[in-house]
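Each chain is listed here by its residues.
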Amino acid sequence: MANSLNSMGLAKTPAATRVVVAMSGGVDSSVAAALLKSQGYDVVGLTMQLYDHGAATAKSKTCCAGQDIYDARRVSDMIGIPHYVVDYETTFKADVMDRFADGYIHGETPVPCVLCNQTVKFRDLLKAAKELGADALATGHYVQRVAEGNSVALHQAADPDRDQSYFLFATTRAQLDFVRFPLGGMNKRETRELGIKFGLHVAAKPDSQDICFVPNGDYAAVIRKLRPEAARGGEIVHIDGRVLGRHEGVINFTVGQRKGLGVGGEAEPLYVVRIEPDTARIVAGPKAALLRQSFALYGLNWLGDGEGPSPDGTPVRVKLRNTQAPIAATVFGEGGGAARVVLAEAEAAVTPGQACVFYDARVDSGRVLGGGWIVRGDAAQPIAHNQRREAQLAAGR
Amino acid sequence: MAPTDSLSYLDYNATTPVLPEVADAVTEELSRFGNPSSVHSAGRRARAAVEDAREAVGGLVNAAAQHIIFTSGGTEANALALRGLAAAARCSAVLASAVEHPSVLAHVAEADRIAVDADGLIDLKALERELEQRSGPVLIALMLANNETGVLQPVAEAVELARKYGALIHCDAVQAVGKMPMDMRALAVDSLSLSAHKFGGLKGAGALVLRGGVEITADMLGGGQERRRRAGTENVPGIVGFGAAARAAARLLDDAARVRQLRDDMEAAIAAGVPRAKIFGKAVARLGNTSCIALPGVSSETQIMRLDLAGVAVSAGSACSSGKIAPSHVLLAMGVEPAEAKSAIRVSLGWETMPADISKFLAIWRPLASDAAA
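If you read the protein sequences in the order shown, they are chains E and L. Each number in the working numbering comes from the position in the first sequence (counting from 1) with 612 added on. Each number in the working numbering comes from the position in the second sequence (counting from 1) with 153 added on.
Rather than coming from a laboratory, the hints here were simulated on the basis of the structure. Every residue, glycine too, gets a C-beta built ideally from N, C-alpha and C. Fair warning: there could be bad hints in the mix.
[As the list claims (entries may be wrong)] If you want a taste of the chain L side facing chain E, the calculated C-beta under 7 Å gives, among others: (1) L314; (2) E454; (3) T455.
[Unchecked claim] Chain E residues, not near chain L, derived (Cβ > 10 Å throughout): (4) P694; (5) T784; (6) G853; (7) Q905.
[Said to hold, decoys possible] Here are a few chain E residues that sit away from chain L, every Cβ distance over 12 Å (derived from the structure): (8) K624; (9) V764; (10) Q869; (11) G877; (12) P881; (13) E919.
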């Protein structure tokens, strides 16, 4: 029987395999649940209550839950699985929302979806799944888990347009053992067709946009609410030292940003080159000043062969933001969760706080080798708040 | 296997199975359709069915039929009392214990909530201090039995205070009716709210029972139904079921001692097997069917999910419509730490509960305690 593995890669019948599906109420996780149910698994749906929807949208009359929880419940009713809501409001605020705000305050541009996958989803929800006697936790992410002998690897989704590997680089090997991504081999059209085939009312539901807890994309308003002290104005300074004007808080800026600087009369268009949170200064310059070829990472997660990237350099391809095609680079392991990346060619979008995700150097591989967070400035050592953040994560709060 | 195939239902305080007498009476009523306000024979027949039910409910709580106002349930009965009595008597405030049902607390300002002690009993001295300070008439709301812990409130003492200070007093008896004998005249409260589905009736039927001579201002306006105290065509099948449940309640009351013994045996097994578990309100008078149990270190949501997946239905706190479980306001008011309150579940038994249901509950629940300890 050891050779007869089910589609979850487990040596059990589907009926004897309990799979918890993280159901957001969207089409992807709904189809994942329906698919597993149709394959005969003992499927249990869990939906995370992450924040007070009424408070986030400032509509006091709305319920604490948005439409998504209702959708997840209706899908569960329809496909005939038990469904529960688990309350992670407290941990989501501490591990995702507060750190999102702190990132901006420290001159970074954070990626809260990675934080959420890393903490609430693959730490807390995974623990809840195990408490419910589950054999695996499935999500609707577009990414592939490939079992190779005794080890598992993470690969990009079959459909490069849907690939969500950038947001899952921090998945640890232990987490990867337990999680499954039933949609990783499909494209969005196939998912929606399955949704129609299974008769799901969410089959045509639009994809969620942007950051779930930031209504209308106004992230600065969310930060001001979480950290009222964050709105400290300061100077906008040219890299040549000239003061160009004033701004109303570093949280309004992202490295590489062009619009919204509010300074004119310069020969060339100006970009945000650097954010200096200690003095609340925004440093602007021409596009050439943005170019960087080497930068440091902290909070490294390594999913390649061996213990980590070689200190002498491991050739990889990297993404510095989700929408970018991977570019050639070399990553030098420095131990202690730190690394240095040297790009084959300088890039103008090395944004502190964003993730740098590693892919196999071979273009056709698609294997995800892990990644890390881009450090602000050239400091080889992570700055203080990053170290605190890592210590909190290590302590497994 | 779907859990419902062999469900051990231990959530009677949420709702109960429909009694066979109720199902029969309602089924018969569904074959008819008259409107009780109609003058013709079909209307008169429906009117008679409603009035029969009113007399049965009056018999259950020892009240005159004309003092019973049928409502859509406990929440509406509470709303009608708190708004209607207060309006008719021009009350300046509604004072209520901090452990009342949300349908009562929704009408009570934060500052008008009276503290309870660690057992969940209202602080009568605090109530008296508030009554002394208030000028003008006041309405007091005090429940007979708490829905989460089963703790019985000192309603008689509160009635004495109400009389002494010229206050009105409303009693939410939704959770007590059908579980303990009830006598409106002996209770001597000004109004009492009841709900049919907590003792074998249908959801959607309830009543407000008034003391003779108590004035009430209608909240729902329109037709002249319920002696102009609650407009709207009567829920005739629900009311007929309510009456049938009221007539069958004597049987439930006879069974209450058996249920209490089952509950006590379960609590004894918990105390012996899981010493760190905590049972709330155990030291004071409680309903015999209710047990509110904290298992520190294991969240209520985990306990409920594990039990449900194994075919045992219990509940916790008050679930928001999202299904998210907030810590019980009742336990918090009793001074329970929030973390401990988030580990509490409510187990509530009833007439169909058998020893096997309790054994099944214990067989699934006890290992949760050792999992957490490991």
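Results of checking the hints against the structure:
no.: 1; hint: L314; result: violated, 36 Å
no.: 2; hint: E454; result: holds, 6 Å
no.: 3; hint: T455; result: holds, 5 Å
no.: 4; hint: P694; result: violated, 6 Å
no.: 5; hint: T784; result: holds, 23 Å
no.: 6; hint: G853; result: holds, 54 Å
no.: 7; hint: Q905; result: holds, 48 Å
no.: 8; hint: K624; result: holds, 16 Å
no.: 9; hint: V764; result: holds, 27 Å
no.: 10; hint: Q869; result: holds, 37 Å
no.: 11; hint: G877; result: holds, 53 Å
no.: 12; hint: P881; result: holds, 47 Å
no.: 13; hint: E919; result: holds, 31 Å
Taken one by one, the earlier hints fail for this structure at numbers 1 and 4, listed in ascending order.
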